[in-house]
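Dock chain R against chain W, hints included.
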Amino acid sequence: MRVVAAMSGGVDSAVAAARMLDAGHDVVGVHLALSRSAATLRESARGCCTLEDAGDARRVADRLGIPFYVWDLAERFERDVVEDFVQEYAAGRTPNPCLRCNERIKFAALLDKALALGFDGVATGHYARVLEGPSGRELHRAVDPDKDQSYVLGVLDADQLARAFFPLGGSLKAAVRQEAAERGFAVARKPDSHDICFVADGDTRGFLTRRLGERPGELVDAVSGKVVGEHAGVHGFTVGQRRGLGLERSRLDGEPRYVVGVDAPRARVLVGTADLLGVDVLEGAHLRWCGPPPWGEVVLGAQVRAHGEEVPASATVAEEVVRVRLGRRVRGVAPGQSVVLYEGSRVVGSATVTATSRAA
Amino acid sequence: MTHYLDHAATTPMLPAAIEAFVESAGSVGNASSLHTAGRAARRTVEESRERIAAALGCRPSEVVFTSGGTEADNLAVKGTWAARRGADPARTRVVSSSVEHHAVLDSVEHLVRSRGAQVSWLEPDRCGHVATGDLRAVLAEHGASTALVSVMWANNEVGAVQPVAELAAVAHEHGVPFHTDAVQGLAHLPVRFDASGADLMTVTAHKVGGPVGVGALLARRDAALEPQLHGGGQERQVRSGTLDVPAVHAFAVALEETVAARDVEAKRVLGLRDRLLEGALGLGLGITVGGCWHPGDGEQRLPGNAHLVVPGCEGDSLLYLLDAAGVECSTGSACQAGVPQPSHVLLAMGHSEAEARGALRLSLGHTSTDADVDAVLAALPGVVERARQAGGSR
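Going down the list, the sequences are from chains W and R.
In terms of UniProt numbering, the first sequence has 226 at position 226, counting the first letter as 1, and numbering is strictly consecutive.
In terms of UniProt numbering, the second sequence has 10 at position 10, counting the first letter as 1, and numbering is strictly consecutive.
Careful: at least some of the hints might be erroneous.
Some but not every residue of chain W turned toward chain R, in silico, with C-beta under 8 Å [what the hints assert, rightly or not]:
#1 P67
#2 Y69
#3 W71
#4 D72
#5 K113
#6 A116
#7 L117
#8 G118
Part of the chain W face toward chain R, derived, beta carbon under 10 Å [said to hold, decoys possible]:
#9 V28
#10 V30
#11 V70
#12 A114
I should point out that these hints are in silico values taken from the structure, not numbers from a laboratory.
Backbone N, C-alpha and C fix where the C-beta goes; we use that ideal spot for every residue, glycine too.
Just chain W, with the same shape it has in the complex (with noise of 0.2 Å):
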């Protein structure tokens, strides 16, 4: 099959590109230029966006004797991706731009290009396997849990998912990295990206203010409603969160103070204890099947954050809601986050949750 291998710069994409054309593929290596400000050298890798991760992308390609292009979807990332960030936080939702860009960059812009284009699918140096099933194929967990990323794959519908290639599902990343070293990549040793790429210095708050300005309210007690301080805007806060509320103890309690939840209309903070923080009912919306679409109330487990553990759950799946119930109180989901739905092993699809509560 004719392939783009999506070439960040790392590691994990370069030795993606390598298996694929170790298993007969004809692979051609693009990298994505997603900033239009690439003329930038950074000392810690992110990535993507700069001129030398497209380099490292560049040499990877050179080695293993394949075309490689770079292609300017900069706008595109700019408008589905970093603006789409910008206005969940200004909603005062916490949203996750690595499931966005897969959704609607690798698998949208990308792959509708590379099959305009002539090719058959993309290839990415994602942790996740595709295996065929009984009614098509199925997105499963890799086989490393710790580098697991079907989490942030489970957007992909099952249309995405046919012409996506993950040769890294069943392998370590210990194994990859030595992998890398014995092709002779230079990358081998090029430490993960982390963050969010487009946020270069990782001050997201700092990010946000620049792209949103100052736009000051009120931090309100969650319980008693009473007005407990200022902050410069509702952008800076997510649920959980701890740090920067100027509030280290409560007066009243000696108790630490979270953000427990996010007024954006109201410009309000609130703020509580932290028994206030588990919630074990999430409503979701924006659903993302990866396969046939369950019906009813199913028995699943439940995944919050792309780092998260797995919560044993129930759905209740209607036409475009979802609410899911959890074994289990977990805490600091945020409106805005993602919800991946598991069977076994299988990602069964997402939800955007759009609010949180607990059961009785």
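Chain R in isolation, oriented as in the chain W frame:
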């Protein structure tokens, strides 16, 4: 079988130039050393300088070797500006065209940003040509405060040939020195320093079959230049750095050979170019020519330049598909991290950003054949159809 149609980027080295390069690379000797080996190296350099001077219509002492066109442009723009302003603090303005190569464009912008220079940009017409009248108008107003006029001989993207001799004459009426970047004109146009009237002219080896990494600034002996690279002052106290003897030698051989064959070669390449453009327009794909093209015209437009605007396509899709089909060409514009940017030249000529994104530059040179043209014309229909399908993904 690949078809190389990117001669404006760099053209293959001529066999005689490779031979000269290898011959000199085998000899030791710093051309500034005083012993026998040094004198031999110096002799090669000076003979090469004389050959280059003869080929370009200048004096040997007017040839200042550099590392290439970019360095020569930087020296001409920054060096002249600094020297002229030093002599007369009122002269802070640069007049240039908005279709210059980035080596000039960015040098001017550096002076504006960091040194407090003023700039007047001459805007091109839809063909990419700047008007002598526009320069006259700018200098009528700003002549006494202008340090330099710099306008390229021929544009690297759309091949528009500028009225250099007229522009130089207008600059001189106001006592302003004139620089021209002539690298794109060397291979196929009768570029001569003496006849051009220019005070400064940029030339480079790798557009005429010489090696990359060597070029020259031709500078009249009375041209005031502030050095931009400081050191041993090897080149007329204006440019420092040990001379690259093999490269200088190969440059001279390549230039001499190119100039000797230039008229015949220009006609040959012009025929291929016209066949390519006629063929591309006749494919019924909505392709238009960037800039102005008249069959048989190798004077207003570079003989080897074929520039296509393909509506509904992204340049990077076109490049990939043509590359896969064995056709090597360019979008013509500068790249950032490998991403073609919408061409500042096409934008200046009045094209929309969408049109500028679908630009394709095919440039012909001494290895180009009918088979190359046939290959492009055979590949284009399928390539354009596919690129259009992919066009909406931005």
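For each hint, the structure was consulted:
1. A least Cβ separation of about 7 Å between P67 (chain W) and chain R falls short of the 8 Å threshold, and the interface hint therefore holds.
2. With its C-beta approaching chain R no nearer than about 5 Å, Y69 (chain W) sits inside the 8 Å limit, and its interface hint holds.
3. Interface hint status for W71 (chain W): upheld, as the beta-carbon distance to the closest one in chain R is roughly 6 Å, under 8 Å.
4. Interface hint status for D72 (chain W): upheld, as the beta-carbon distance to the closest one in chain R is roughly 4 Å, under 8 Å.
5. A least Cβ separation of about 4 Å between K113 (chain W) and chain R falls short of the 8 Å threshold, and the interface hint therefore holds.
6. The beta carbon of A116 (chain W) comes within 4 Å of a beta carbon in chain R, closer than 8 Å, and the hint placing it at the interface holds.
7. At about 5 Å, the closest approach between the beta carbon of L117 (chain W) and any beta carbon in chain R falls short of 8 Å, and the interface hint on this residue holds.
8. The closest approach between the C-beta of G118 (chain W) and any C-beta of chain R is roughly 6 Å, which is under the 8 Å cut-off, so the hint is satisfied.
9. Residue-level restraint check for V28 (chain W) holds (minimum Cβ-Cβ distance to chain R is 8 Å; threshold 10 Å).
10. The restraint placing V30 (chain W) at the interface with chain R holds, with a minimum CB-CB distance near 9 Å, inside the 10 Å limit.
11. With 10 Å as the threshold, the beta carbon of V70 (chain W) comes within range of chain R, its nearest partner Cβ sitting at about 3 Å, so the hint holds.
12. Hint status for A114 (chain W) relative to chain R: holds, with the closest Cβ pair at about 8 Å, below 10 Å.
In the structure shown, no violation is registered for any of the earlier numbered hints.
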